[in-house]
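Chemist: Assemble the whole structure, with the sequences as input and the hints as a guide.
Going line by line, the protein sequences match chains A and B.
Heads up: the first sequence at position 53 corresponds to 53 in the numbering used here, and the numbers run straight through without jumps.
Heads up: the second sequence at position 111 corresponds to 182 in the numbering used here, and the numbers run straight through without jumps.
Everything labelled a hint here was simulated from the structure, so no lab data went into it.
Every residue, glycine too, gets a C-beta built ideally from N, C-alpha and C.
The calculated label-pair distances, taken between Cβ atoms and stated as ranges, are:
no., chain 1, residue 1, chain 2, residue 2, range
1, B, 96, A, 37, 46 to 52 Å
2, B, 726, A, 43, 50 to 56 Å
3, A, 37, B, 587, 38 to 44 Å
4, B, 114, A, 37, 53 to 59 Å
5, B, 327, A, 43, 51 to 57 Å
6, A, 18, B, 390, 30 to 36 Å
7, A, 17, B, 108, 35 to 41 Å
8, A, 18, B, 606, 45 to 51 Å
9, A, 17, B, 389, 24 to 30 Å
10, B, 588, A, 37, 42 to 48 Å
11, B, 355, A, 43, 38 to 44 Å
12, A, 37, B, 733, 46 to 52 Å
13, B, 140, A, 40, 43 to 49 Å
14, B, 293, A, 17, 32 to 38 Å
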Amino acid sequence: MNGAREPASAAAAANPLRALLDTVRALTGDDAYERYLARHQALHPQLPALSPADFYASEIERRYNGVTRCC
Amino acid sequence: MHTVSHGLGYDAAMQVPMTTRSSRFWPWLLVALLGAFSLAQIAVFRGETVNAAWLLAAAVCTHLLAYRFYAAWVAAKVLCVDATRATPAERIDDGRDFVPTHKWVVFGHHFAAIAGPGPLIGPTLAAQFGYLPGTLWILAGGVLGGAVQDMVILFLSTRRNGRSLGQMARDELGNVGGAAALIGTFLIMLILIAVLGLVVVNAMKHSPWATSTVAATIPIALLIGLYLRYVRPGRVLEGTAIGLVLLALAVIGGGWVTTHEGLAAFFDRDGLPLAGAVIVYGFAAAVLPVWLLLAPRDYLSTFVKLGTVLLLAVCIAVLRPEIHMPAVTRFVDGSGPIFGGTLFPFVFITIACGAISGFHSLISSGTTPKLITSEADIRLVGYGSMLLESLVAVMALTAATVLEPGVYFAINSPAGVVGADLAKAVETISGWGFPVSAAQMQGLAEQMGETTLLSRTGGAPSLAVGMASILSAAFGGGLLALWYHFAIMFEAVFILTTLDAGTRVGRFMLQDMLGNVVPALGRTSWYPSVLLCSALVVAGWGYFLYVGVIDPNGGVNILWPLFGISNQMLASIALTVATGTLVRTGKARQAWVTGLPLAWLAFITTWAAGEKLLSSDPRVGFLAAARDLSDKLASGVLPPEKAAVAPQLIFNQQLDAVLTVLFVGVLWTVIAAMLLGVRRHLAGTCTRMSSEAPYVRSALNGVATPLGAAEAAR
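Modeler: Structure below.
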């Protein structure tokens, strides 16, 4: 198996449509907040997590800090 | 020196266990035969016309073979990709920049980032030489040059914790190389934005439909930005879906605008006010928060781009249109109306993106390496994405060459060459052997919902006419005007995205450079510095855009070659870094994989730059053009409106000559720095340490990968 965090959930293997949607969500970054929450819970659950709006704002700043598009 | 390979990488990259190799031989032989037959169809057995399907088949077969064999060989034998080695995404995994990501998701991100308007415009302009030279260069340059560059830089950056090209140039070539890469990137950015702005302005000039549609994309982006920030934070799919519906309505609404007298008059503008609007927009986009304008526009443009490219590919495959352009036209002699200059070297300069684009090395060495889960994914992401971009370039060439050549030249030839009068222009073009009539051009303009299509330079309108004819035919004919303006919107949306993003990157670079002199200016979030540096960047490209608009020859013929030269120069820097690093990591005997493309690029770029400087033909040489115009100005033969702008045009030609000298100087400086380093290394006197991160065994990969299977098979 490839070791990447698969965009698919456990149920995805059974449902190809679900797998496709998960891949699309991973491509667009729709799942970024969920991934952040999961990671936050795993690493330091005692600290308060960012709200979806605050997370989105910081994520956008990070993502557009550099060469993002080409000719 | 250090060991890069653990002797296992080869099979991991090939992903084909030894025992099954012979059974997989036959399909590849078929691909090779089909590819050879298709190439023969377009290059040798030419009838009256050639079907575009052969072009597409030749491209796809070439790409498949190159990916399966050449890319696999480079990955395995030259780079020695090692799936057991933990990538920075796995080792650092900070949940933000460094995230192990599924290879197809990385592929999608990387392709969306590298594919801009360049591969659409270059091939369209280069079609003046006929369909064959452009196609051959796109295919050969793509598989041997561009895709290799992208993959090798991605590999080197992945091995170096995602270091940028500028940092790797400094490591490899010293401070001079690093500075050259930085200045080169900054200048290429200014010229790129100017020429793209010019393409949009030319597409909107005196077209209320196009102008109102493009204008509507701004409030739509703002609306989606607000939606994603406050209404449903981070729901990109939803926001984009709403935006796409609104964009479609904007295209339809543009048709209504043309029927409304007041609105049609309001949106019917000359080039200069439109350029002013683009400049103001560029500044606003650079200083507004990213979430408000840049990010939502980027989402929309990515979806529109991927969707339209896919749609076009399917339509070409289904319709299989005939190509009407000859394989090679008479304009290989340098007398072409769209841009002056002979086939060699200018086809290689005109088509940069799609064959080899230095700009890609900035993406391959910034964001993407931080997402790579396994080194085994590098071939797909680096090499594969570039092949797809090459395919986009082939489709753009197809869309330009399915037009009647007379129509193609009427749309793309500047008024300064064929004259502004339709009857005279069509006579001139027909005289070249590409028959076209005034009635034909008028009928076409009416079908496309425009008042005229004569001399709509820049490539966007002719591409839009080609796309509209293909898409309309695929959907049962009709609605040509709607498809035409959809195509214009499609091009404008991602040209403006590149303009926003480029201005912002240019601002960061300028802040970085000025920060060395005045530390306060280096603070990227200090608002006075943001405003000042954004204004300077916008003024930089705004100047070239302004001169392009007032130039009666359309400006594209000057700016596009300059862009091509600068982009090839950046590619040369990337290939120089790659070649030097390969030699110093013990791969001197295989360093030709980047060394030969580098030699070719350095040769053609220098040759083209030499012609742009020294040619006595005012349509080719910058200095000859400046002299020609000053003589005309002095002798008083220029009409008053041309005499008024002549001093600015003369100055601009001289400035372009200085820039060309600068580009060539930068190019040979980095090559000299690399050769010096290589000589020292081979003589054993080199003391520079490799910046490669040490080997750490991957916990994610290498256990049940095909590598394991290959080991088991032994």
